[in-house]
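> Letter by letter, the chains look like this.
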Amino acid sequence: MPISKETVEHVAHLARMELSPKELEKLSRQLQDILGFIDKLKKLNVDSVKPASHILPISNVLREDKPQDSLPREKVFQNAPGREGNFFAVPRVIE
Amino acid sequence: MELNSLTAHELIAKVKGKETASQGIIESLKRKITAADSKVKAYVRVSDSLNLQPITYNLSPVLNGIPISIKDNICTEGYNTECCSRILSGFKPPYDATVIKKLKASGANILPFKTNMDEFAFGSSTENSCFGPTCNPWDLGRVPGGSSGGSAAAVASDEAIWALGSDTGGSIRQPASFCGVVGLKPTYGRVSRYGLIAFASSLDQIGPLTKDVEDCALLMNIIAGFDPSDSTSVNLPVPDYLDTLGKDIKGIKIGIPKEYFVEGMDKEVKNVIEEAILKLKSLGALCKEVTLPHTEYAVPVYYIVATAEASSNLARFDGVQYGFRAKGENLIDMYYKTRGQGFGEEAKRRIILGTFTLSHGYYDAYYLRALKVRTLIKEDFEKVFKDCDCIITPTSPTAAFKIGEKVEDPLKMYLSDIYTISANLAGIPAISIPCGFTKNNLPVGLQILAGHFNEEALFKTAHAYEQATTWHKMKPEI
Chain A
-13 MPISKETVEH VAHLARMELS PKELEKLSRQ LQDILGFIDK LKKLNVDSVK PASHILPISN
47 VLREDKPQDS LPREKVFQNA PGREGNFFAV PRVIE
Chain B
569 MELNSLTAHE LIAKVKGKET ASQGIIESLK RKITAADSKV KAYVRVSDSL NLQPITYNLS
629 PVLNGIPISI KDNICTEGYN TECCSRILSG FKPPYDATVI KKLKASGANI LPFKTNMDEF
689 AFGSSTENSC FGPTCNPWDL GRVPGGSSGG SAAAVASDEA IWALGSDTGG SIRQPASFCG
749 VVGLKPTYGR VSRYGLIAFA SSLDQIGPLT KDVEDCALLM NIIAGFDPSD STSVNLPVPD
809 YLDTLGKDIK GIKIGIPKEY FVEGMDKEVK NVIEEAILKL KSLGALCKEV TLPHTEYAVP
869 VYYIVATAEA SSNLARFDGV QYGFRAKGEN LIDMYYKTRG QGFGEEAKRR IILGTFTLSH
929 GYYDAYYLRA LKVRTLIKED FEKVFKDCDC IITPTSPTAA FKIGEKVEDP LKMYLSDIYT
989 ISANLAGIPA ISIPCGFTKN NLPVGLQILA GHFNEEALFK TAHAYEQATT WHKMKPEI
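In the order they appear, the protein sequences are chains A and B.
So for the first sequence, our numbering puts the first residue at -13; every next one is plus one.
So for the second sequence, our numbering puts the first residue at 569; every next one is plus one.
For reference, chain B alone in the conformation it holds in the complex (with noise of 0.2 Å):
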């Protein structure tokens, strides 16, 4: 079995076991990126030789130099971090984020080089990077998914052992359902946003991507914390989330949103998603139908939050201190060009939308009341977890599109993210578990949603669907 199919807990074990070292990893990594990368494109600015060293730190080895797979909004020193946008070209971060941080000193050896996204992570699909789109392994004509559509993609054809990408709407979610890995996005304020290129300040998370559920706790364990470099983070201890694997599910109480499941929805979707609750029973699951009343309104609401704070966060882009310099007859001219230039389609109608809910006279009516509307959407989620342990819901509508399909219609593009969204808008956190296969061999992810801070509730029960079924097992042939 090659070393780079396995999974992060496996390869500890036998790296713990002097079965192999991580050189024997890293080789076999870079065997399998070269041999596949140029089909899957997952990552970003790949060097030809592909200079991985091995490395040993003094501290903690827990992880023993297991390699890890970066999403490229993600600051790491003096490796390459552009947000797959030409305005942040040959942008060497002069400091490391704090995920970075505490995977070196778990023993991780960082990837120099990083996974392909939607330029800014905004999009759905990978499509809106500048490097080009990732192709989904299951299906080299179909998006991966987005916008951590490369760390989807490298986990899910094996060019990568385990990844970090991070979610806004659906980014890490969405991505692991179309490529059929498992991606979890924490709750707001468990894992520190410091060093990760801000979209949407209250919305954005950084999250694991991984081939099953337990490398996803590991994972987890490394890089939730209070951080005092992000003021947003939260000074909870982090528990032992590998304590809530194996356990039975008997008398766990499920509720289902009846605003998930309307007519017109993908009937393979809905089949495979129903199957997955029907093991959930099996397994001594209590599932009932509740109600997310306020469900309609999650996308307006996201488009107005989500835009206006993306429009702020960039404004920094400006080619004064770092990144693409337009040349310019005076500053404001300089400003003009290198925003002009340096940003892609979608992060100019992100940035223009999002000015424009901000502006004088459109503030109340856009801005306030979708900051009011939020509040109503979370208080819904709260409702339910009064007498729910967790949600379970489909994540995406469909299985992957193919490339091009959604490009010309922003609109379509953004009510793909319709599932995902709400747990973005309420902070709450949310795994998204491989359970099942379209007809034409697509992958299908469920959507399992939990109250602040009880990811254990999520991991329990992922880990107990997970090993009754065998979806993580299965591989594109790639």
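Excised from the complex, chain A in its bound form (with noise of 0.2 Å):
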């Protein structure tokens, strides 16, 4: 299927990152290879088929609700390229 600019635009806003004009045209072209490719997929007749959300039969893995160590503060900072006291600082949100 075509794929154009401004759909791969707006996915590019979907996933919030900024793509160069020549970004766009390269990937435009691409997406739209690959998508041709990945149409074989459309041959199937898969009606009655369950999806693999799991591909191992185990589910609702849950722990007991009793309180844990869990990172300290500090290492949860180590990384931070910015900090307010114990707040991640970034630019503002809203104008």
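Hints in this document: simulated from the structure, not taken from any laboratory.
Please note that a few of the clues may not be correct.
Cross-link-like lysine-lysine pairs, in silico, DSSO-like; alpha carbons within 30 Å at most [unchecked claim]:
1. A:-9 / B:980
2. B:951 / B:815
3. B:1007 / B:835
4. B:670 / A:52
5. B:826 / A:29
6. B:598 / B:672
7. B:905 / A:8
8. B:954 / B:600
9. A:61 / B:660
10. B:954 / A:36
11. A:29 / B:946
12. B:600 / B:835
13. B:974 / B:607
Take each chain as given, in its own frame, and dock them per the hints.
In structure tokens:
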């Protein structure tokens, strides 16, 4: 299916990722090729097939509701590009 | 004989027999890395001083300080772990991955600098690393395979005793095949993913890259097992994989899938694999043709499922809590620029593809459909394993290709995963072992697959073949 640059731009916005005009152009082309190849899946009849959401028959893996040690605060902030007290500092959210 | 050229099991015996101490092994490894790594580039961020301290642990001295090399996507507390991506530049994990904890408890010496990889494990050649490609020790103009290319190359060149890699679509097995070493992808859920920086959560597994099958079994004994920190890890006891070695394989039933041996297959690879099959028959294996009818759909299913999961897993890299942060006028601008500047080309391609197939209007046609075909692929294997102990295939359609040969054609690159991908989709274990060379002296890998949690069948078959041949003793001149 044809993938327009507008579609790729929209998807890039959903992914919160900036693309240069050159990247936009290249990706639209490549996406089209890849999706063309992937389209062979349409040949199959999968009406009565269950989706493989889990490859192993395990589900509802929970633990006991008992408090446990978690990562100490200083370790959490160890790699922070911006910090104010016990907050991750970021550029302003709203104008 | 230089200590760095030995296997872990040989070194353990030497240390136990007081013929050498772990310090001697570390010095030998340092010398090799200094001599060879400027050519091979298996490692990233190699510190000038190569400051490796021998460690003494009070717990289980199974490994006696034997060094191990780790792929750049496995978290090691205090040692940079960057997935060979700009977006994680400078990241020092505040915790150890479970496999690292287990290795330390067994007395392993974790190398502080990591092995090279395709950024976020996106690739089959290690050319997508932000640090540049690793070169195949058998021919420096060729790729080592990917994404665990650094680990495979280091083991092949004796710059590592053994290594850990990760495998989502073949990223341990294909580089093992290209570099002439042993590489295993365990059953999904056999080894904890806690501390593995996630690519595709339903496909990823950590696994060993080693010089021989015995080392692979030894390493699996250490890293396998249930982990409450990984909700997808399975609570089944870990057998002693060393018990599977040295057994005879008379009467073992091996399936050879017809879909993997098609017209147009590389003739040299075909010949080497056919020789290997003859060897297995001479050891008493019973080989028969089987069918995996949905083989041709594996690559398209993978490139929907894996990229969808990747787009979700990579959403966390936004410059807020760790890694690279670009200057932005406001928060959303900061996200756009951080991710736009921090991710490499292949990462962006997969994020866009994954986001697209999950987006409104396309989810049913692509992602849901892919999940259904995934069930069909899994069922293909279940049918075959009803009356086969294992399946044999080539690991890769070709031997190592030239650096730069496939980078401009992503689809061509994706198709090189054609033999390895199905095992990840079905969750089954698979091993690649060296089984010969092409005319220009490039290694060829034999892949063995087995049913869920049947790594024993893999080790038994692989070891029997290995001990009846000498491929594992051959080393590149580097």
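> Quick one, are residue 1007 (chain B) and residue 835 (chain B) close enough, alpha carbons at most 30 Å?
holds, 11 Å
> Would the hint linking residue 954 (chain B) and residue 600 (chain B) be met if the CA-CA limit is 30 Å?
violated, 47 Å
> Could you grab the alpha-carbon distance between residue 826 (chain B) and residue 29 (chain A) and see if it respects the 30 Å cut-off?
holds, 21 Å
> Has the given pair, residue 905 (chain B) with residue 8 (chain A), been kept, meaning a C-alpha gap of at most 30 Å?
Within the cut-off at roughly 16 Å; holds.
> Keeping to a limit of 30 Å between CA atoms, is the pair of residue 29 (chain A) and residue 946 (chain B) held or broken?
holds, 18 Å
> Does the structure keep residue 974 (chain B) and residue 607 (chain B) at a Cα separation of 30 Å or less?
holds, 21 Å
> Regarding the pair residue 670 (chain B) and residue 52 (chain A), is the alpha-carbon distance no greater than 30 Å?
holds, 25 Å
> Compare the distance between the alpha carbons of residue 951 (chain B) and residue 815 (chain B) with 30 Å, and conclude whether the hinted pair is satisfied.
Holds - the C-alpha atoms of residue 815 (chain B) and residue 951 (chain B) are around 26 Å apart, at most 30 Å.
> Given the hint that residue 600 (chain B) pairs with residue 835 (chain B), does the C-alpha gap stay at or below 30 Å?
With a Cα-Cα distance of about 36 Å, the restraint between residue 600 (chain B) and residue 835 (chain B) is violated, given a limit of 30 Å.
> Would you mind confirming whether the straight-line C-alpha gap from residue -9 (chain A) to residue 980 (chain B) stays at or under 30 Å?
Holds, because 23 Å separates the two Cα atoms, which is no more than 30 Å.
> For the pair supplied as a hint, residue 954 (chain B) and residue 36 (chain A), is the alpha-carbon distance within the 30 Å limit?
Distance ~21 Å between residue 954 (chain B) and residue 36 (chain A) Cα, so the pair holds.
> Are the Cα atoms of residue 61 (chain A) and residue 660 (chain B) separated by 30 Å or less?
holds, 10 Å
Against the hints set out earlier in the document, violations occur for numbers 8, 12.
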